[in-house]
Amino acid sequence: AQSVAQPEDQVNVAEGNPLTVKCTYSVSGNPYLFWYVQYPNRGLQFLLKYITGDNLVKGSYGFEAEFNKSQTSFHLKKPSALVSDSALYFCAVRAPSGNTGKLIFGQGTTLQVKP
Amino acid sequence: SAVISQKPSRDICQRGTSLTIQCQVDSQVTMMFWYRQQPGQSLTLIATANQGSEATYESGFVIDKFPISRPNLTFSTLTVSNMSPEDSSIYLCSVFDRTTNTEAFFGQGTRLTVV
Chain E
37 AQSVAQPEDQ VNVAEGNPLT VKCTYSVSGN PYLFWYVQYP NRGLQFLLKY ITGDNLVKGS
97 YGFEAEFNKS QTSFHLKKPS ALVSDSALYF CAVRAPSGNT GKLIFGQGTT LQVKP
Chain D
1319 SAVISQKPSR DICQRGTSLT IQCQVDSQVT MMFWYRQQPG QSLTLIATAN QGSEATYESG
1379 FVIDKFPISR PNLTFSTLTV SNMSPEDSSI YLCSVFDRTT NTEAFFGQGT RLTVV
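These protein sequence lines map, in sequence, to chains E and D.
Per the working numbering, the first sequence starts with residue 37, numbered consecutively.
Per the working numbering, the second sequence starts with residue 1319, numbered consecutively.
No wet-lab data here; the hints were simulated from the structure.
There may be inaccurate statements among the hints.
[As the list claims (entries may be wrong)] Some residues of chain D that are not near chain E, with every Cβ distance over 10 Å (derived): (1) I1322; (2) Q1324; (3) T1338; (4) T1362; (5) G1378; (6) F1379; (7) K1383; (8) N1390; (9) L1391; (10) L1410; (11) S1412; (12) T1420; (13) G1427; (14) L1430.
[Claimed, not checked] Calculated pairs, EDC-like style, for lysine to aspartate or glutamate (alpha carbon to alpha carbon, straight line, at most 20 Å): (15) E/K94 / D/D1415; (16) E/K138 / D/E1421; (17) E/K138 / D/D1329; (18) D/K1383 / D/E1372; (19) E/K138 / D/E1376; (20) E/K105 / E/D90; (21) D/K1325 / D/E1376; (22) E/K94 / D/E1372; (23) E/K138 / D/E1372.
[Claimed, not checked] Covered stretches of chain E, going by a simulated chain D footprint (3 or more residues, C-beta under 8 Å): (24) 54-63; (25) 103-114; (26) 139-150.
Just so it is clear, the structure is predicted and the values come from calculations on it, not from any experiment.
Even glycine gets a Cβ: it sits at the ideal position worked out from N, Cα and C.
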């Protein structure tokens, strides 16, 4: 069965420090990988994606993510966290085969950036 | 990207009643998706709505409970029928990026509370 795991319910970092939000997946083939952010009372906003190519992908608001095929991971990173980055982050995968379009989401990680 | 408008943004409903949620997209799309986000949980796909055909429901979701309409390529509705408190969730409409057809974009969501 396809699944996505975000092992940390919450990540706490100090403003200005680097941050990492972890994601591992179990999907057959070469999935599409995504990160989304959800601010309180808001919908999901797309941050970045990995489809193919360079393992390090860059996205919105200074975020980047590193794809590691051998570890089936797609960790979200940012070199210097901002208080405004505090939000709920979701990792998601989409199996390209069959092209159903279904996204499978991790359980989400709350990022708390403290001044 | 895509601009997705959902209505209503929130509602409080009595148990046993039904609520219809509308989703309007600013461009024509083949597939529209409806997701549910239960309190404190991740997103789960309810169904895929294709114009001109019956919606495709995911395991655990049935048409009698969540009827979907897709009258044209820019609009869809999701009805939550015979509601119970367990239906209290955020319901989100989603479409793929029209250009890349890889990443999904989401409406702001409808926060439903059933009392």
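Checking the smallest CB distance to chain E, is D/G1378 really beyond 10 Å? 13 Å, holds
Least C-beta distance from D/F1379 to chain E larger than 10 Å: 12 Å, holds
Assertion that D/Q1324 lies farther than 10 Å from chain E (Cβ): Violated, because the least Cβ-Cβ distance between D/Q1324 and chain E comes to about 8 Å, which does not exceed 10 Å.
Whether chain D covers the stretch 139-150 of chain E (at least 3 residues having a Cβ closer than 8 Å to its Cβ atoms): It holds, with 5 qualifying residues against the three required.
Check the hint pairing E/K138 with D/E1376 against an upper bound of 20 Å on the C-alpha distance. 10 Å, holds
Please check whether the beta-carbon of D/L1410 is more than 10 Å away from every beta-carbon in chain E. 6 Å, violated
Tell me if the straight-line CA distance from D/K1383 to D/E1372 falls inside 20 Å. Within the cut-off at roughly 15 Å; holds.
Holds or violated: E/K138 with D/E1372, Cα cutoff 20 Å? 17 Å, holds
20 Å limit on alpha-carbon distance, applied to hinted pair E/K94 and D/D1415: OK: E/K94 and D/D1415 at ~18 Å, within 20 Å.
Is the Cα-Cα distance between D/K1325 and D/E1376 20 Å or less? It is violated: about 23 Å lies between the C-alpha atoms, which goes past 20 Å.
Quick one: work out the minimum CB distance from D/T1362 to chain E and report holds if it exceeds 10 Å, violated otherwise. Given a closest Cβ separation of 8 Å, the condition is violated.
Does the claim that D/L1430 lies off the interface hold, with its Cβ farther than 10 Å from every Cβ of chain E? Holds, since 14 Å exceeds 10 Å.
When the structure is compared with the earlier hints, violations turn up for hints 1, 2, 4, 10, 11, 12, 13, 17, 21, 22, 24 and 25 and for no others.
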